[in-house]
Amino acid sequence: MTATLNTKTDMSTNSPLAESDSSPATQKLERSDWWLLSPSRRAIEDTEPVPAQDQSAADTSAAPALSTPKPVKKSDIGIRLEADRKVLLQQWECVVLEKDDEVVCCEIHDLTDESKPSEYAELFLRQFNAYDRPLLIEGAVFYWSMGYRQKQSGQILNVSEFILRRTPRLTRKQKSEIAGKVAKLRELLPTV
Amino acid sequence: MPVSPLEPEQNVFAVVILGSFNPQIFHPLWYADNELIAREEVNDVKDLLCSDEISAFVLNEVHFQIERHRFGLTTKDPSRALSLRDLVVNTFTILEHTPLTAIGLNRDMRFRLEDPDLWHSIGHQLAPKAKWDGIIESPGMRIVAMEGQRKECNAEKVSIRVQPAGGVENGILIAVNQHYSLKNEDHKPIAVRISDAIQILNNDWKAFLSYSQNAATTLIERCRIETEAV
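Sequences listed follow chains A and B, in order.
FYI, my numbering numbers position 125 of the first sequence as 125, with every residue one higher than the one before it.
FYI, my numbering numbers position 112 of the second sequence as 112, with every residue one higher than the one before it.
Warning: the hint list may mix true and false statements.
[As the list claims (entries may be wrong)] Straight-line Cα separation of at most 25 Å, BS3-like style, residue types lysine-lysine; simulated pairs:
| id | chain 1 | residue 1 | chain 2 | residue 2 |
| --- | --- | --- | --- | --- |
| 1 | B | K46 | A | K73 |
| 2 | A | K173 | B | K46 |
| 3 | B | K188 | B | K157 |
[As the list claims (entries may be wrong)] Take a look, some chain B residues computed to stay more than 12 Å from chain A by CB distance:
| id | residue |
| --- | --- |
| 4 | D117 |
| 5 | S121 |
| 6 | D133 |
| 7 | P139 |
| 8 | H187 |
Quick caveat, the hints were computed from the structure, so don't treat them as lab data.
Each residue gets a CB set at the ideal place from its N, CA and C atoms; glycine is no exception.
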């Protein structure tokens, strides 16, 4: 018999789903079940811009002394399964070929059944998030998902959404590495 | 739109990475500054908690939870499974000097079984009760976890956990974890470990999603066949 998993160990890479914890509810509380968090200056309210007259408050030296740590129960943080659920019926990976003022032309690859051949689609630009539109240039990739959301009441909401695949900006070092590789490849090509 | 009886009613997808992290880095503004999310989306962040010990928030149905030794992104939205993978890849493409030690691909599936006999039968078949005679009355399976390897997969181990699903009549939860160790005896450099983790995500995530669902449905199907044969 192999050893069973200890779902509470910190050294496992198991999913943090709260429901997966099988500890009995009457188990005694331990120090390790809690976080005692120091107040952070980058908390929710701090995502708001600091008013001009309060700029000094953003300076580290001007930070107020830390107050009592805030206790947070670890089991209160995490994802939980609820009665509402989302069902994915179809998903494509789409590569932008071209875009005009109204339409995005793309090549679409079926992710639900990858044996299917690629297809082409024209999608209205207005159906994309406003902040994603400038990024829809040739070669950009997005996921197109169709499905439905079923609420606890039984109500069905049909869903079709586009999720743009964002990639990190290249660093100067990465750009120079790519330029170096291009130069080497160019040397291999015969000159006309 | 009927869902097949062997389709999971709900899914949870998660990538968990172990290593040394500075939780305060993982703030929605950091993701926006690095263009991994749109700056406009920062306003949609929910349940933000950011301190020295933990950073946690929910954005676009993805739950971010980063502690000093654990980085985890989780979603229960199946349409976000691939973009979750992309977010992890992009994060560590930028944080290229983070010492990682292990990575785990996870999928938890909740099935609702129409037949209560099948629900009981799964417990009886996975954890036979005879051995418990005289020790406890009315023994019931609380959790069964199995660990092993997958064919043609570089993962160090695959663990599958089966347990009753809370709050669902005749529901079972099947959780699959595919674990890779990134730090071996050769003292791999940090850059190699990062590149290995990215390669695992790019090459194995999609295959893992199919494998995990197959594993769960095969297990239920085998129990069903045996139940019907009795």
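The hints, checked one at a time:
1. A C-alpha spacing of about 18 Å is found between K46/B and K73/A, which places the hinted pair at or below 25 Å, so the restraint holds.
2. About 35 Å separates the Cα atoms of K173/A and K46/B, which puts this hinted pair outside 25 Å; it is violated.
3. Note on K188/B and K157/B: the hinted pairing holds, with a Cα-Cα distance of about 20 Å set against a maximum of 25 Å.
4. Look at D117/B: its CB is around 24 Å from the nearest CB on chain A, clear of 12 Å, so calling it non-interface holds up.
5. The Cβ of S121/B lies farther than 12 Å from every Cβ of chain A, with a closest approach of about 20 Å, so its non-interface assignment holds.
6. Every CB of chain A lies more than 12 Å from the CB of D133/B, the least distance being 19 Å, so the non-interface label holds.
7. Look at P139/B: its CB is around 15 Å from the nearest CB on chain A, clear of 12 Å, so calling it non-interface holds up.
8. Listed as a non-interface residue, H187/B keeps its Cβ farther than 12 Å from every Cβ of chain A; the least gap is roughly 19 Å.
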